[in-house]
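Novice: Using the sequences and the accompanying hints, generate a full structural model.
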Amino acid sequence: MLTDLTIHELGARFRQNDATPTEAAREYLDRIAALDPKVKAYLTVTAEAALARAAEADARFKTGAPLGPLDGVPLGLKDVLCTRGVRTTAGSKILEGFVPPYDATVVARLARAGAVILGKLNMDEFAMGSSTENSGYFATRNPWDLSRVPGGSSGGSAAAVAADLAAATLGTDTGGSIRQPAAFCGTVGLKPTYGRVSRYGLIAFASSLDQIGPFAKDVEDAALMLQAIAGHDPMDSTSAAVPVPDYAAGLGQGVEGLKVGIPAEYFIEGLDPEVETAVRAAIEILKGLGAKTESVSLPHTEYGLAAYYVIGPAEASSNLARYDGVKYGLRVPGARDLIDMYSRTRGAGFGAEVKRRVMLGTYALSAGYYDAYYGKAQKVRTLVQRDFQKAFERVDVIVAPTTPSAAFRTGEKEDPLSMYLNDVFTIPVNLAGLPGVSVPAGFTKGGLPVGLQVIGKAFDEAAVLRTAKAYEGATEWHKKKPELGA
Amino acid sequence: MPEPKITMREVEQVARLARLALSDAEKERMRRELDGILSYIDKLRALDTEGVPPTSHAVPMTNVMREDEPVPSLPQADMLANAPDRSGDFFRVPKIIEE
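As given, the protein sequences belong to chains R and W, one line each in that order.
With this note's numbering, you'll find the first sequence wraps up at 734, consecutive numbering, no jumps.
With this note's numbering, you'll find the second sequence wraps up at 100, consecutive numbering, no jumps.
Simulated from the structure, these hints should not be mistaken for lab results.
We put the CB at the ideal spot given by N, CA and C, even for glycine.
A portion of the hints provided could be inaccurate.
Unchecked claim - Mimicking DSBU-like on lysine-lysine, the simulated pairs with C-alpha atoms at most 35 Å apart in a straight line are:
no., chain 1, residue 1, chain 2, residue 2
1, R, Lys341, W, Lys28
2, W, Lys96, R, Lys627
3, W, Lys28, R, Lys575
4, W, Lys96, R, Lys341
5, W, Lys96, R, Lys575
6, R, Lys638, R, Lys705
7, R, Lys661, W, Lys96
Claimed, not checked - Take a look, some chain W residues computed to stay more than 10 Å from chain R by CB distance:
no., residue
8, Asp25
9, Glu29
10, Asp86
Specialist: Structure representation (structure tokens):
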């Protein structure tokens with residue numbers, strides 16, 4: 249089956265004329281038709297467009313002129329990325345009928361690389377959530393146990409890769425929304441440095457934290473995906489003019505002599521013992537490969553979550569002001585006046601979590617509370633950043649658990665705060681703008697995937713990927729597939 | 002019982018500022034949940050941040066300059082295509098000014 253293959257394996261088959269992009273696209277579309285009713289990863293499947301793009305890729309391979317490693321490769325996109333002519337909802341009812349007039353930069357870059365887009369993937373509404381239960385449409389399920397959540401907010405993107413419903417996907421990560429679902433679904437998930445990837449055409453949640461990155465079946469594929477989307481974009485003034493190295497070329501360098509920091513604050517009460525065991529075993533493997541480990545301290549870790557739940561909602565309350573029933577999306581009819589129309593449209597169009605964060609953000613920014621909440625949180629953000637700066641004076645990468653536990657059950661975390669606590673190990677990385685990856689690091693006794701997080705210095709995705717690749721090369725976890733029937 | 006972090010009046014005021022119509026049941030639930038979240042966030046107060054500068058962005062960046070050269074914008078028809086209501090080349094909204 250072509251759907252089993254990684255991007256680099258599939259590309260090799262295309263180049264050897266052992267398979268065509270059209271065959272690959274058809275296999276994926278058939279598998280989506282058969283299995284996605286169980287997993288519910290896709291909000292929109294673009295079969296016709298996918299087959300048309302695949303036919304173009306067929307022709308390029310036939311003439312011996314493929315565009316590169318992603319040519320003809322079937323991919324999926326989180327539904328927060330604008331796609332010209334294809335409905336884009338951000339998982340929200342308020343954008344149910346929205347058809348963007350332009351492509352996000354990452355979407356345009358994947359198209360230029362020859363990728364075949366299979367469709368748009370489910371997510372927590374406006375990327376607010378850790379389980380994909382906050383989607384305005386339906387909940388996505390974890391392919392390893394359909395009674396459990398895939399994580400979130402990029403749950404559809406993670407589940408699609410884990411269930412072989414796409415060769416790789418894009419997601420976004422504001423407080424862990426790539427790394428946490430990657431850990432829960434047993435895939436590789438990479439959050440690049442803030443500014444590494446253009447956010448143009450990404451429907452904004454918290455603009456100082458949001459970053460786009462890939463989910464992939466292995467580390468090499470994640471490197472290939474990052475290569476295609478990374479780099480400065482004049483359309484996003486926060487995208488950085490920092491040179492993009494050849495990520496795949498540096499992957500095989502190993503970790504001999506690499507200094508790996510282990511943060512004590514990530515091995516705390518509340519960390520599931522099975523997760524801890526897996527992560528400690530992973531650290532031993534890295535040591536065995538020649539890495540030099542040492543403890544580092546990130547003392548403000550426990551404050552990161554609280555700072556995030558001020559900063560994220562504050563930025564969101566401002567960004568989401570644009571959903572006013574005027575330019576696009578839902579408008580509730582029968583309003584008395586303009587303000588009534590705004591309020592009723594937003595009241596009807598937003599789900600409970602989005603309303604909660606808009607309220608929280610508006611409160612934190614309002615007169616009398618600004619300094620106590622937003623101002624304070626921004627100062628704590630500085631302290632979290634300094635923790636990492638200090639640690640990275642001594643080490644090259646930091647490794648830690650991605651999440652405190654493996655995937656929880658659908659409906660298990662009804663209290664919003666208990667859901668937020670799930671992001672305690674991923675949020676500090678967003679506050680500091682650093683790159684981080686989650687790689688499969690084993691399974692619980694119940695058969696649920698566990699993720700190992702590797703965190704790097706700003707713009708040093710290469711070291712993060714190289715560490716992840718060395719670990720992956722010494723293990724077989726990434727090769728395991730969930731049993732979903734045929 | 003500790004003093005609530007947020008009162009019903011404040012919930013209503015914030016909902017007005019945020020232009021969110023909430024039902025009575027939603028308001029009560031919102032008050033309770035925001036109370037819990039704000040109590041958690043209060044742990045920030047324990048930290049001494051005297052003299053710590055605020056960080057608004059992870060990557061230090063000031064103004065980004067470029068040549069002031071006109072480039073094509075998206076076509077007007079495309080930008081109006083998603084409008085819930087329009088009149089010719091305009092977005093149409095409910096009446097703003099009292100007669």
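Novice: Evaluate each hint against the coordinates.
Specialist: Cross-check of the supplied hints:
no.	hint	verdict
1	R:Lys341 to W:Lys28	holds (21 Å)
2	W:Lys96 to R:Lys627	violated (43 Å)
3	W:Lys28 to R:Lys575	holds (28 Å)
4	W:Lys96 to R:Lys341	holds (25 Å)
5	W:Lys96 to R:Lys575	holds (16 Å)
6	R:Lys638 to R:Lys705	holds (11 Å)
7	R:Lys661 to W:Lys96	violated (43 Å)
8	Asp25	holds (12 Å)
9	Glu29	holds (13 Å)
10	Asp86	violated (7 Å)
Violated hints, listed in ascending order, are 2, 7 and 10; each of the other numbered hints is respected by the structure.
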